[in-house]
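Let chain A serve as the given structure and place chains B and C on it in line with the hints.
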Amino acid sequence: MVLSQTKMDLDFRLLFPEEFIKQILDEGYREDGRSHNQTRSTTLTVGSFKSADGSAVVRIGGTCVACGVKGELANPRAISPKDGFIVLNVEYSLVTGSEKLGAIGGGEKFFSSQSLTQIIQDIIHSSKFINLEHLCIEEGKICWSLNVDVVVLSCDGPVIDACVLAAVSALKNATLPSVEIESEKPLVSMATRNHLKTGQYPLMTSFAIHKKEVSDTNIGVLVDPTDDEAQYCTGIVCIAVTNDQKLTGLYKYGGPAMTSDDIQKCIRKAKKQATILVKLIDNTMK
Amino acid sequence: MADFEYLSPEGLRSDGRRPQELRVLSCNISHCLQADGSAYLQQGNTRVIATVYGPHDVSRRSEAQHDKAFINCQFSMATFSTSERKKRPTGDKSCLETSLALKKTFEAAILTDTYPHSKIDIFVQILQSDGSDKAVSINAITMALIDAGIPMKDYVCATSVTLINDTPIVDLNYFEERGPGPELIVGTLPKSGKIVFLQVNSRLHIDNMEKVLKEGMNGNQRVHTILDTLIKKHLEKSILT
Amino acid sequence: MNIIRHVVTMEVKSRGIECELGIITRADGSAQVKQGNTIVTCGVYGPVEAKSAREKVDKAVVEVIVKSETGLPGPYEKELELLMSSCCETMILTHLHPHTAISVSIQIQSDNGSVIVCMVHALCCSLLDACLPLKTTFSAIKCAFLSDGSMLTDPTTQQEETATSQLTYIIDRKGKLVASHATGSFDTEEYIKGLSVASSTAVHRTDFYRETISRKMSRIKQ
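Chains as they are written, first to last, in this note's numbering: chain A, 1367 to 1652; chain B, 2 to 242; chain C, 268 to 489.
Chain A on its own, in the form it takes in the complex:
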């Protein structure tokens, strides 16, 4: 149900955004007419950037994220001669109004690009999505270094969910040319390109947590919060689930304290959302 917005409603929204959002949340509504556990439509496009070895564009409501994977030949580290590299980097494009400009763009960003990089690198690593040994071409001599560059193009809501989906889809979409070693020198043949060997992959779902004013003990949970909702709800929960329904990351940042029942509710919802996203990836990759 979409709230009918009168002139007075709009004035109230403009002057007291925090009060406005809290009130309609208490009444069980959301600004864009969604129910509390309804996500916005997610679209995924893969392989649209031909200059990259693999790419994906993800849109979740007003959030848009692009990701490109480019392979480079590198020397493996002496400490792990059998492993290749995955170098992930998340960046807010200048187009979003830049992190440094602060309030000029879509307000202050909750996740800095560096913390997004760390979290996503952690969950991609711990989900055993890509075995680094498969990126090795010759032990101790040469291996692939995959540069996964995620660019946030516009943000309204769970940037982290979109980044994970984009990084995973771009890596699944990526093809690398086959390399042979001839007299100590790598020979790259562009004719044959192979997909990467991939395992279980992670999918992220974010929640905003708010305390219901009417009953002090109850905690309200919003799936897929917009930027405004996330800002006024104070608490953020991000849950990463693999495609075989195992958890690979659970992050909670502040907000009202939760009991184990509350957190289990979130986990159940995240698992349900993961199956939807798995279907989306499967349909797009077909």
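One or more of the hints may lead you astray.
Residues of chain A placed beyond 12 Å of chain B at every Cβ, according to the derived structure [to be verified]:
1) D1377
2) S1446
3) V1545
4) P1552
Restricting the straight-line Cα-Cα distance to at most 27 Å, the calculated cross-link-like pairs of lysine-lysine (DSS-like) are [what the hints assert, rightly or not]:
5) K441/C - K1388/A
6) K318/C - K1638/A
7) K88/B - K345/C
8) K1507/A - K154/B
9) K1416/A - K88/B
10) K318/C - K1577/A
11) K441/C - K1475/A
12) K323/C - K1578/A
13) K1631/A - K402/C
14) K345/C - K1494/A
15) K1507/A - K88/B
16) K1448/A - K88/B
17) K88/B - K1551/A
18) K88/B - K1538/A
19) K154/B - K87/B
20) K1388/A - K326/C
21) K87/B - K1475/A
22) K441/C - K1578/A
23) K402/C - K1578/A
24) K1638/A - K460/C
25) K94/B - K1416/A
26) K460/C - K1635/A
27) K1551/A - K87/B
28) K88/B - K1475/A
29) K104/B - K238/B
30) K326/C - K1578/A
31) K1494/A - K460/C
32) K1635/A - K441/C
33) K87/B - K345/C
34) K402/C - K1475/A
35) K1631/A - K460/C
36) K326/C - K1577/A
It should be emphasised that the hints constitute simulated quantities derived from the structure, not laboratory data.
If you're wondering where the values come from, they're calculated on a predicted model, not measured in any experiment.
Just so it is clear, CB atoms sit at the ideal spot from N, CA and C, and this is done for glycine as well.
Showing chains B and C alone in chain A's frame:
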């Protein structure tokens, strides 16, 4: 590469276009809701995203000008946009040069004296590069500025032109841009035909200048027609919904 | 100088906590916490007047800086900063100090496992030492699950390397979850089991804070 045929005997280019033919141009206007104006423009395989924030208060006092708005323009390229991976999306010398050129261009086109003591931020990023990056960026910024409702003298339309076997070739792709011919990028205000941006790379004989420039201006007229129809279509759609 | 040494061991197997208050003399509140060989020092400055660009009209701005023992700050430190600042924002009653800034510096001196736990304890002790108004005290515990399904609490670096999942819980006085940082591969049951263990320790940690502060107070009286 010396034998690479930029123009076939039948007079067609490597991608099948005629010499004066533009690539397919499509544009998605105001796709980004936080920005005051935004446009995603695709010209062939070159894809550009541009956003405009403002006019708003200046962020530093040194930026404030008492008689006109301060224009901040930042150009960047996604690390995966070129065939060789870029190390950084911003900050290298060529990005800085392009940023400055774009800033000067739009200072000439925007009615800056409408907003004294304020600032207009223009951000543009190349998502995929396939030639004519600067020209496509200019077209994308024009669309974003119109979407933001910032008053301008006219559209700013730009194309790149080269000369191969004495034939001017319009709207270059990557191969043609790297080819042996000179490259001329021209940005004009189509109604008055005034030039606001002009850049020539490598040697172009002065006798050929007029011919090449004329073809560029003709190209700009065609870009203008396309952009104008796109804007009108977008307006019609947004009024109806 | 009011330096307090105090060791508490608990029913849930964990290394003893050793805490010294006021070790940075120029900070408004500071603490050094040792858990085994993991040592973290934290200093709290403020509330002081905020720079006009950063200040908020309805609450205090909290800035957290985390520094590891070596090297320049990178993504890892930024992620920890995010976690710590979310704890501060929730726990400090920031609306009592509008237009001001509170700055927190956390220095990891040596990391031998469960570093987030140690950071949280150092943070809470130094906030108490700075006499900032808090919603409640808060504490943390880390659980690690091994490949055979057994659970370790308060793991060392060596144990962390062999674990399949590492779950850190930051809980309030009543044992409810304030913040969480969980990585690795685990299932819901494991996460909930860890949370119930964490909740059971909340009472002991509150006693520890009370004792630490009461010792500080008795020194002041003398």
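Which hints from the list above does the structure break, by number from lowest to highest? 6, 8, 10, 11, 19, 29
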